[in-house]
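Asker: So the chains spell out like this:
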Amino acid sequence: EVQLVESGGGLVQPGRSMKLSCAASGFTFSDYYMAWVRQAPKKGLEWVASISYEGSSTYYGDSVKGRFTISRDNAKSTLYLQMNSLRSEDTATYYCARVGYDYVMDAWGQGASVTVSS
Amino acid sequence: EIVLTQSPTTMAASPGEKVTLTCRASSSVSYMHWYQQKSGASPKLWIYDTSNRASGVPNRFSGSGSGTSYSLTISSMETEDAATYYCQQWSSNPPTFGGGTKLELK
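Those protein sequences? They're chains U and G, same order as listed. All residue numbers for the first sequence refer to the working numbering, where the first residue is -9 and numbers rise by one. All residue numbers for the second sequence refer to the working numbering, where the first residue is 3 and numbers rise by one.
Keep in mind that a hint or two might mislead.
Mimicking DSS-like on lysine-lysine, the simulated pairs with C-alpha atoms at most 27 angstroms apart in a straight line are [to be verified]:
no. : chain 1 : residue 1 : chain 2 : residue 2
1   : G       : K104      : G       : K20
2   : G       : K20       : G       : K108
3   : G       : K104      : G       : K46
4   : U       : K9        : U       : K66
5   : G       : K46       : G       : K20
6   : G       : K40       : G       : K108
7   : G       : K108      : U       : K32
8   : U       : K66       : U       : K32
9   : G       : K108      : U       : K66
10  : G       : K20       : U       : K66
11  : U       : K55       : U       : K32
12  : G       : K108      : G       : K46
13  : U       : K9        : U       : K33
14  : U       : K55       : G       : K20
15  : G       : K104      : U       : K33
16  : U       : K9        : G       : K20
17  : G       : K40       : G       : K20
18  : U       : K9        : G       : K46
19  : U       : K66       : G       : K104
20  : G       : K108      : U       : K33
21  : U       : K32       : U       : K9
22  : U       : K32       : G       : K104
23  : U       : K66       : U       : K33
24  : G       : K40       : G       : K104
25  : U       : K66       : U       : K55
Residues from chain U that face chain G, not an exhaustive set, calculated with beta carbons under 7 angstroms [as the list claims (entries may be wrong)]:
no. : residue
26  : L35
27  : Q100
28  : G101
If you are wondering where the hints come from, they were derived from the structure by calculation, not from laboratory data. Here the structure is a predicted model, which means the values were calculated and not measured. The C-beta atom is built at its ideal place from N, Cα and C for all residues, glycine as well.
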C-alpha cells in the first residue's frame, strides 16, 4: 500500500524557518517525481514545489521561490521542504504528493499543518 | 501560467440527479486531472488524463473534454459524492489547480 506521512508542522513566528518531512513507503521512491501542495484555511489547492527522481531538478511556485527548498533522500525514501523567511500567508496544510505518469498527483499524504503567527 | 476556472463554485444536487462540473483553461491543455476532497481529508485522485477513473472510483463518474473545456459528470448523484472537486493541469509549467466546485447534497 502506498503511504505518504508528513511530519514537522506546527506554530512558527514570522521570519523563522521550519522543515517538513514526508516519509514514503509502499513503492520505489526513486522512480517518482514528488511534489508539495498546500491549502490555506478554507481555500483551494496550490502547487508549491516539485523535484525530479534523483533531486537534480527542482521547481518552485512564484510565491515561495527563493524562500523554500525541496529536497529528497532516496536512501531514506523521504521528501523534505525547508521553509525559510516564513510569512503569515504561508499558513496552510502542506501535502506531499507522488507524481505519476502524465504528471498526475496519484497519492497524497494526510497533510502537515503550518501556522505562521506571532 | 494557465488559469483554470471551475463552475459552478457551489452547487447542490438531489440523490439520483445528474451532475456536471466544468473546468475551463485559459489556454489549451492536453489533458485534465480531477481530485475529490472531503471536509478535513486529503485530496484523492479521482479522474486522470481527462477520462480515466482512478482505482476505486464508481463508474457513475466520467470525465471528458479537450482543449480549453473539460467536465466531470456524475450520472446519478449519491450521498457519498458530496465533496469539493478540483481540476488540475500540468500540460505546461507551473502546474495549476482550479478553484474547486463544492458539491452538496440537496
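Asker: Quick one: which hint numbers does this structure break? Sort them smallest to largest.
Answerer: Going through the list in order, the structure violates hints 8, 9, 10, 14, 16, 19, 23 and respects the others.
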